[in-house]
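K.L.:
First to last, the sequence lines map onto chains W and C.
For the record, in the first sequence the residue sitting at position 240 is 239 according to numbering that gives the first Met the number 0, with numbers rising by one throughout.
For the record, in the second sequence the residue sitting at position 94 is 93 according to numbering that gives the first Met the number 0, with numbers rising by one throughout.
Simulated from the structure, these hints should not be mistaken for laboratory data.
Among the hints, a few may not be true.
Here are the simulated DSBU-like pairs of lysine-lysine, each with C-alpha atoms no more than 30 Å apart in a straight line [what the hints assert, rightly or not]: (1) C:Lys97 to C:Lys48; (2) W:Lys247 to C:Lys131; (3) C:Lys260 to W:Lys260; (4) C:Lys315 to C:Lys337; (5) C:Lys195 to W:Lys247; (6) C:Lys131 to W:Lys305.
These are the residues of each chain, in order.
2 protein chains.
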Amino acid sequence: MDKVRNQNAVISVLGLGRVGLPLATVFANSGFKVIGVDNNSDRLESIKKGECPFYDPQLQENLNACSSTGNLSTVLNFDKNVQADVIFITVGTPNTEKNNVDYSQLYSALQEVCQINLKDKIIIMRSTMPPKTTDDIIIPFIEFNSNLKAGIDFAIAVCPERILEGQAIKEIQELPEIIGGVNEISNNIAAELFKKINPQKDLLYLSPSGAELAKLFTNIFRYISFALSNEFAIWAEKYGLDASELIKIANYNYPRSNIPKPGFVGGPCLGKDGSFLDSNTTFSSIVSTAWKLNESIPQHIVNNIKNILGPIFNKKITVLGLSFKSGSDDLRDSPSVKLVNILESAGANVIIHDPYVKTTADLSTALNSPDVVILATNHKEFKNLASAIQQSGCKIIYDVWGMYDKNDFTDIDYFQFGNGS
Amino acid sequence: MDKVRNQNAVISVLGLGRVGLPLATVFANSGFKVIGVDNNSDRLESIKKGECPFYDPQLQENLNACSSTGNLSTVLNFDKNVQADVIFITVGTPNTEKNNVDYSQLYSALQEVCQINLKDKIIIMRSTMPPKTTDDIIIPFIEFNSNLKAGIDFAIAVCPERILEGQAIKEIQELPEIIGGVNEISNNIAAELFKKINPQKDLLYLSPSGAELAKLFTNIFRYISFALSNEFAIWAEKYGLDASELIKIANYNYPRSNIPKPGFVGGPCLGKDGSFLDSNTTFSSIVSTAWKLNESIPQHIVNNIKNILGPIFNKKITVLGLSFKSGSDDLRDSPSVKLVNILESAGANVIIHDPYVKTTADLSTALNSPDVVILATNHKEFKNLASAIQQSGCKIIYDVWGMYDKNDFTDIDYFQFGNGS
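Looking at chain W on its own, in the form it has when it is part of the complex (with noise of 0.2 Å):
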């Protein structure tokens, strides 16, 4: 406690990936020593350069900060040299694909805590987990492996991570804060150190299962909103009307309307979340009925194409957009990339274009001669591609997200996603 008061505390981050790597430049740059742990020696390199391992041109700023003041390194393993007074396990928590929580990642990272002397340290876990993963799976597991006791030789919290891609530098400072120790003296060591980061920050106190369940609530509530637009996205279609119009319209100076814009769904956190709580039922929740919908869409609009030209066998199809969200690299669970399967699977010849995404066609040969051009993500470099788009000689255009104007447009059919007029 005092070692975090007096900014002498080593902090440790295990994972450095889109929500650990954020979060150890931050407290480097709040003054800390932060030794980043990660099994990908690609990324590390990439860390000790400087360069970000992915967009995030936030984290990149910070990652030069970082560089001047020296006080980031990175490891690939612990050993029993480390020093390290606060552990964050950062760690992904994908599913498997069978659909239940993968917590390969989570064990590595405990085996990892486990090598080195956890005698009055706090490990805080930040990664997104079912409920009582940390009662029943991570204290047993570090007691067990350790021989010391949670609580009292060691301090032990759940302040999981709740940022938006993107912005993540700017949110772990503005966020509120959950915390959910196993005792009061892991409540406040854990609420000291975030208040380094910003002795303003909210602080709010759950127990560690609460904690999990707190943050899981969160997501799914977003997640149920887009998947609800999705489904007025559909039924607008059928009455041959626009549903993004009468969202606006509804949500409008309306004290108890805010539905989201339909869309494509998807990314390594919103749907999945779900699913911890779902896979734990046996009914059919609202959360099972809302995943079923936003992962229909992609083929939702195949169906919509195959409605309008007939069978996309051999036809030139581009696909403006491959990651999940606009301005980011991220292709988890990207409902683009499922589009492109589905097209793929018909026997389209698939061209992808994404300005953030390396590996994909240049935009000049995706727009050379396809029949129909799909604008899959809302990447802000699409906004003025509408006379490209003109130019290309397409048959058929399909706004996933109503970027364009049917009027942007002559002798192309324009067609847009919840669109249906």
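Dock chain C against chain W, hints included.
P.N.:
Here is chain C on its own, set in the frame of chain W:
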């Protein structure tokens, strides 16, 4: 149009329920002559005496004002001599027992409307309806029966009601108005009319079907939010956690979370409005899953009570609150009513007390040695009942709304919906 502008148009309102009567009084108090039409003679008698036929203090004030101006008159039926320039249709569109839309009140209203000469009149549809009802049923019906053409001989617009029950008077004046006219002149007359209530009113234009669907979007969005909160409650119970506490913390100063509190969801609008869309699809929608969940909560609570108490046959169970929402006497689609039915089917001896529902038992009868007390509606009158319940001698209190706290009671098992801790 000129008549509306000069405020000498005569307005008629068909259906003097919780939608129509507040609207009639607002226009009457804005200086228009208003004729209210309703085929329920008891209701008309009550209105003639200046008494609101249901509980709504703001509306009662408005009725008092109408009595002094004489601007509001009522009739049981239209006849040919009635002069009405503006005709609002505000009748109910409930569901049949088979969950199809029940258009019978709407057809009766249309038959009334066709009694009078509609040339140069405007008809405003304010009832909640499935999309396309105005285009596919209302307009053809009126044109067939009147030999007039919509948009040419008479104007027609869909201006859906979006008020909160109990807040009607305030919200009719303040909420943005969606105007779905068949043509520009219909839009303009409707706009002029609503500007007479409040010159600053936001006016939002859509097609008739668009207006019908936008209304449904708003209510469904709320309904799904409530259902999701109830799903969270069930999960929290499973994990031994308190959903209300977690939701409060998940929402606190977090920009992407606005989860409501768990509790009963019912009433004549929210659930039914979703079925207007759902009954038009064959897939298992989010709406239908949410409906299943919200409708299951009364049974879930009875199951929880049985888990504690065993069979409830012949147990004396007091239900506090019968209406579907706090501060209301409205029993339509009330989950409390469903709860009472389930308890009675299981052989319990049920006593109901609701200060807003005159036919129920008084409080002292209700609290005379019950085995179980269920707080089923969150009327403000129940807030300070903890000590009276403590003294009633009951063994179990089940608090659906989290109005009380575990520490309010000694030697009584206290259970709260959504709180498994």
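K.L.:
Does each hint fit the structure? Answer for all of them.
P.N.:
Taking the hints in turn, this is what the structure says about them:
Restraint check: the Cα-Cα separation between C:Lys97 and C:Lys48 comes to about 38 Å, which exceeds 30 Å; the hinted pair is violated. A C-alpha spacing of about 20 Å is found between W:Lys247 and C:Lys131, which places the hinted pair at or below 30 Å, so the restraint holds. At most 30 Å may separate the alpha-carbon atoms for a hinted pair to count; C:Lys260 and W:Lys260 meet this at roughly 24 Å. This hinted pair checks out: C:Lys315 and C:Lys337 have alpha carbons roughly 17 Å apart, not beyond 30 Å.
Simply put, C:Lys195 and W:Lys247 have alpha-carbon atoms about 25 Å apart, close enough for the 30 Å limit, and the pair holds. Among the hinted pairs, C:Lys131 with W:Lys305 is consistent with the structure: their alpha-carbon atoms are about 27 Å apart, no more than 30 Å.
Going through the hint list in order, the structure does not satisfy hint 1, though it satisfies all others.
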